[in-house]
Amino acid sequence: MTNNVDPAAEAKASNPLAEELTAAIPEGLRGLSGTALYTGRAAWTGSRPVYVLGDNPGGEPGPDTVAGNLAELLFDRPADYSEYRDGQWMVGRHLHPRGQAPMQRRVLHLFDVLGLDPGAVPVSNIVYVRSPQASHLDPDEANRWAEECWPLHAKMIERLGVKVVVCFGARPAGFVRSKVGAHTLADTFRETYANRSWASCTYTGPGPSVVQLTHPGRADWTNPNADPTGLVVRALGNCSS
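Converting from the sequence shown to the working numbering requires adding 310 to each position, the first position being numbered 1.
It should be emphasised that the hints constitute simulated quantities derived from the structure, not laboratory data.
Nothing here was measured: the structure is a model prediction, and the numbers come from that model.
Even glycine gets a Cβ: it sits at the ideal position worked out from N, Cα and C.
Worth double-checking, as some hints may not be accurate.
Claimed, not checked - Each pair of labels, with its calculated beta carbon distance range:
hint, residue 1, residue 2, range
1, T494, D390, 31 to 39 Å
2, R403, N548, 39 to 47 Å
3, D390, E451, 29 to 37 Å
Put together the whole structure using the sequences plus the hints.
Following this line, the structure appears as C-alpha coordinates:
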(Lines of atoms letter the chains of each structure in order from A and count residues from 1; the text may use other names and numbers.)
(Lines give C-alpha, C1' and ligand atoms only; values in the text may rest on other atoms or scores of the structure.)
Protein backbone atom coordinates (compact mmCIF):
# COMPACT_ATOMS: atom_id res chain seq x y z
CA MET A 1 0.00 0.00 0.00
CA THR A 2 1.33 3.46 -0.89
CA ASN A 3 1.67 5.89 2.01
CA ASN A 4 0.28 9.21 0.81
CA VAL A 5 0.56 11.02 4.15
CA ASP A 6 2.14 14.47 3.79
CA PRO A 7 4.78 14.76 6.57
CA ALA A 8 4.33 18.55 6.76
CA ALA A 9 0.56 18.24 7.09
CA GLU A 10 1.00 15.51 9.69
CA ALA A 11 3.35 17.73 11.70
CA LYS A 12 0.85 20.56 11.63
CA ALA A 13 -1.99 18.31 12.72
CA SER A 14 0.05 17.11 15.70
CA ASN A 15 0.87 20.64 16.86
CA PRO A 16 -2.23 22.05 18.58
CA LEU A 17 -0.35 24.99 20.12
CA ALA A 18 0.82 26.18 16.72
CA GLU A 19 -2.69 25.78 15.37
CA GLU A 20 -4.07 27.80 18.28
CA LEU A 21 -1.56 30.61 17.77
CA THR A 22 -2.30 30.67 14.06
CA ALA A 23 -6.05 30.82 14.63
CA ALA A 24 -5.58 33.79 17.02
CA ILE A 25 -4.21 36.07 14.28
CA PRO A 26 -6.94 38.56 13.23
CA GLU A 27 -8.30 37.71 9.79
CA GLY A 28 -7.79 41.22 8.46
CA LEU A 29 -4.06 41.20 9.29
CA ARG A 30 -3.08 37.80 7.91
CA GLY A 31 -2.37 38.98 4.39
CA LEU A 32 -0.49 42.16 5.37
CA SER A 33 3.28 42.45 5.55
CA GLY A 34 4.45 41.82 9.10
CA THR A 35 5.30 39.36 11.84
CA ALA A 36 3.25 38.13 14.79
CA LEU A 37 5.81 36.32 16.95
CA TYR A 38 9.59 36.52 17.37
CA THR A 39 10.15 33.23 19.20
CA GLY A 40 9.25 29.63 18.39
CA ARG A 41 6.86 27.18 19.98
CA ALA A 42 8.92 26.51 23.12
CA ALA A 43 8.51 30.08 24.36
CA TRP A 44 4.72 29.79 24.44
CA THR A 45 4.48 26.83 26.80
CA GLY A 46 5.14 26.23 30.50
CA SER A 47 5.80 29.05 32.94
CA ARG A 48 7.39 32.23 31.55
CA PRO A 49 8.03 35.07 34.00
CA VAL A 50 8.88 37.66 31.32
CA TYR A 51 6.82 38.64 28.25
CA VAL A 52 8.30 41.10 25.74
CA LEU A 53 6.30 43.44 23.52
CA GLY A 54 7.51 45.97 20.99
CA ASP A 55 5.45 48.39 18.93
CA ASN A 56 5.39 46.80 15.46
CA PRO A 57 7.83 45.05 13.11
CA GLY A 58 10.26 47.40 11.40
CA GLY A 59 11.40 47.52 7.80
CA GLU A 60 9.81 48.32 4.49
CA PRO A 61 6.60 46.38 3.84
CA GLY A 62 7.22 43.63 1.29
CA PRO A 63 5.60 40.52 -0.16
CA ASP A 64 5.89 38.67 3.16
CA THR A 65 2.71 38.26 5.19
CA VAL A 66 1.84 37.94 8.88
CA ALA A 67 0.32 34.51 8.22
CA GLY A 68 3.23 33.30 6.10
CA ASN A 69 5.89 34.39 8.57
CA LEU A 70 3.98 32.81 11.44
CA ALA A 71 3.63 29.49 9.60
CA GLU A 72 7.36 29.44 8.86
CA LEU A 73 8.21 30.20 12.48
CA LEU A 74 5.87 27.64 14.02
CA PHE A 75 6.19 24.76 11.57
CA ASP A 76 9.59 25.10 9.86
CA ARG A 77 11.93 26.63 12.43
CA PRO A 78 13.31 24.97 15.60
CA ALA A 79 11.00 25.10 18.62
CA ASP A 80 13.52 27.26 20.51
CA TYR A 81 14.07 29.73 17.65
CA SER A 82 14.73 33.34 18.64
CA GLU A 83 14.67 36.12 16.07
CA TYR A 84 17.11 38.06 18.25
CA ARG A 85 19.64 35.24 18.50
CA ASP A 86 19.07 33.32 15.26
CA GLY A 87 17.74 35.92 12.83
CA GLN A 88 19.97 37.63 10.27
CA TRP A 89 18.99 41.29 9.99
CA MET A 90 19.59 43.80 7.24
CA VAL A 91 20.20 47.27 8.71
CA GLY A 92 20.51 49.88 5.99
CA ARG A 93 22.55 48.12 3.33
CA HIS A 94 24.50 45.95 5.75
CA LEU A 95 23.52 42.33 6.39
CA HIS A 96 24.68 41.49 9.90
CA PRO A 97 25.71 38.01 11.06
CA ARG A 98 23.04 36.17 13.01
CA GLY A 99 22.23 37.90 16.29
CA GLN A 100 24.72 40.71 15.67
CA ALA A 101 22.57 43.65 14.52
CA PRO A 102 22.70 46.44 17.13
CA MET A 103 19.13 45.93 18.36
CA GLN A 104 19.62 42.16 18.50
CA ARG A 105 22.73 42.52 20.65
CA ARG A 106 20.94 44.87 23.05
CA VAL A 107 17.96 42.58 23.53
CA LEU A 108 20.28 39.58 23.95
CA HIS A 109 22.08 41.61 26.63
CA LEU A 110 18.77 41.92 28.50
CA PHE A 111 18.16 38.17 28.30
CA ASP A 112 21.73 37.50 29.45
CA VAL A 113 21.32 39.79 32.47
CA LEU A 114 18.08 37.98 33.34
CA GLY A 115 19.65 34.55 32.83
CA LEU A 116 17.02 33.63 30.24
CA ASP A 117 17.45 31.53 27.11
CA PRO A 118 16.39 33.80 24.20
CA GLY A 119 14.40 30.92 22.73
CA ALA A 120 12.38 30.59 25.94
CA VAL A 121 11.08 34.17 26.13
CA PRO A 122 7.71 34.95 24.50
CA VAL A 123 8.26 37.99 22.27
CA SER A 124 5.81 39.83 20.04
CA ASN A 125 4.48 43.31 19.18
CA ILE A 126 1.25 45.07 20.06
CA VAL A 127 0.71 45.47 16.29
CA TYR A 128 1.77 42.77 13.81
CA VAL A 129 1.88 44.99 10.70
CA ARG A 130 5.25 46.13 9.34
CA SER A 131 6.38 49.74 8.76
CA PRO A 132 9.79 51.49 8.68
CA GLN A 133 8.88 53.38 11.88
CA ALA A 134 5.90 52.94 14.19
CA SER A 135 5.02 56.58 13.54
CA HIS A 136 4.43 55.71 9.86
CA LEU A 137 1.26 53.80 10.78
CA ASP A 138 -2.02 55.67 10.77
CA PRO A 139 -2.72 56.25 14.50
CA ASP A 140 -6.38 55.26 14.37
CA GLU A 141 -5.63 52.16 12.33
CA ALA A 142 -2.72 51.22 14.60
CA ASN A 143 -4.92 51.55 17.69
CA ARG A 144 -7.57 49.35 16.09
CA TRP A 145 -4.97 46.75 15.16
CA ALA A 146 -3.53 46.79 18.69
CA GLU A 147 -6.99 46.09 20.08
CA GLU A 148 -7.42 43.21 17.62
CA CYS A 149 -4.03 41.71 18.53
CA TRP A 150 -4.46 42.08 22.30
CA PRO A 151 -6.63 38.98 23.00
CA LEU A 152 -3.72 36.68 22.10
CA HIS A 153 -1.37 38.55 24.45
CA ALA A 154 -3.94 38.62 27.24
CA LYS A 155 -4.49 34.87 26.97
CA MET A 156 -0.78 34.06 26.91
CA ILE A 157 0.12 36.43 29.76
CA GLU A 158 -2.41 34.62 31.93
CA ARG A 159 -1.61 31.10 30.72
CA LEU A 160 2.18 31.48 31.06
CA GLY A 161 1.97 33.05 34.52
CA VAL A 162 3.79 36.20 33.35
CA LYS A 163 5.08 38.40 36.17
CA VAL A 164 6.66 41.21 34.15
CA VAL A 165 5.75 42.57 30.72
CA VAL A 166 8.75 44.34 29.18
CA CYS A 167 7.80 46.99 26.61
CA PHE A 168 10.08 48.70 24.11
CA GLY A 169 9.14 52.36 24.30
CA ALA A 170 6.28 54.47 25.61
CA ARG A 171 3.47 53.61 23.17
CA PRO A 172 3.37 49.85 23.72
CA ALA A 173 3.91 50.37 27.46
CA GLY A 174 1.00 52.80 27.68
CA PHE A 175 -1.24 50.40 25.78
CA VAL A 176 -0.29 47.40 27.94
CA ARG A 177 -0.57 49.39 31.18
CA SER A 178 -4.13 50.35 30.27
CA LYS A 179 -4.98 46.68 29.71
CA VAL A 180 -3.45 45.23 32.89
CA GLY A 181 -4.09 48.20 35.22
CA ALA A 182 -0.43 48.96 35.95
CA HIS A 183 -0.69 52.63 36.94
CA THR A 184 1.59 52.99 39.98
CA LEU A 185 5.11 54.24 39.25
CA ALA A 186 7.39 51.92 41.25
CA ASP A 187 10.93 52.35 39.89
CA THR A 188 12.89 54.54 37.48
CA PHE A 189 16.22 54.47 35.66
CA ARG A 190 17.51 57.57 33.91
CA GLU A 191 20.42 57.13 31.54
CA THR A 192 23.46 59.41 31.54
CA TYR A 193 24.75 58.94 28.04
CA ALA A 194 25.42 61.20 25.06
CA ASN A 195 24.01 64.21 26.94
CA ARG A 196 20.65 62.46 27.22
CA SER A 197 18.51 61.70 30.24
CA TRP A 198 16.01 59.26 28.75
CA ALA A 199 13.99 57.45 31.42
CA SER A 200 12.82 53.87 31.77
CA CYS A 201 10.12 53.10 34.33
CA THR A 202 8.38 50.24 36.13
CA TYR A 203 4.64 50.38 36.81
CA THR A 204 2.69 48.07 39.08
CA GLY A 205 -0.96 47.21 39.62
CA PRO A 206 -3.19 44.23 40.33
CA GLY A 207 -1.71 42.16 37.51
CA PRO A 208 1.76 41.83 36.02
CA SER A 209 4.21 44.70 36.34
CA VAL A 210 4.95 46.66 33.18
CA VAL A 211 8.53 47.80 32.57
CA GLN A 212 8.80 50.56 29.96
CA LEU A 213 12.34 50.53 28.58
CA THR A 214 14.04 52.93 26.22
CA HIS A 215 13.75 51.47 22.74
CA PRO A 216 16.71 49.17 21.96
CA GLY A 217 16.68 50.42 18.39
CA ARG A 218 17.80 53.81 19.72
CA ALA A 219 19.35 53.29 23.15
CA ASP A 220 22.50 51.18 23.57
CA TRP A 221 21.67 48.94 26.49
CA THR A 222 25.15 47.42 26.34
CA ASN A 223 26.57 50.75 27.56
CA PRO A 224 26.45 50.84 31.41
CA ASN A 225 25.35 54.49 31.34
CA ALA A 226 22.33 53.62 29.18
CA ASP A 227 21.51 50.16 30.52
CA PRO A 228 17.98 49.93 31.98
CA THR A 229 17.97 46.16 32.45
CA GLY A 230 18.31 46.47 36.22
CA LEU A 231 14.69 47.63 36.28
CA VAL A 232 13.57 44.24 34.99
CA VAL A 233 15.78 42.41 37.49
CA ARG A 234 14.27 44.39 40.36
CA ALA A 235 10.72 43.98 39.06
CA LEU A 236 11.14 40.22 38.95
CA GLY A 237 12.70 40.24 42.41
CA ASN A 238 9.76 42.21 43.81
CA CYS A 239 7.33 39.73 42.28
CA SER A 240 9.14 36.90 44.04
CA SER A 241 9.31 38.55 47.46
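Hints, one by one, checked against the model:
1. T494 to D390: 31 to 39 Å: 35 Å, holds
2. R403 to N548: 39 to 47 Å: Check passed, 44 Å falls within 39 to 47 Å.
3. D390 to E451: 29 to 37 Å: At 34 Å between Cβs, range holds.
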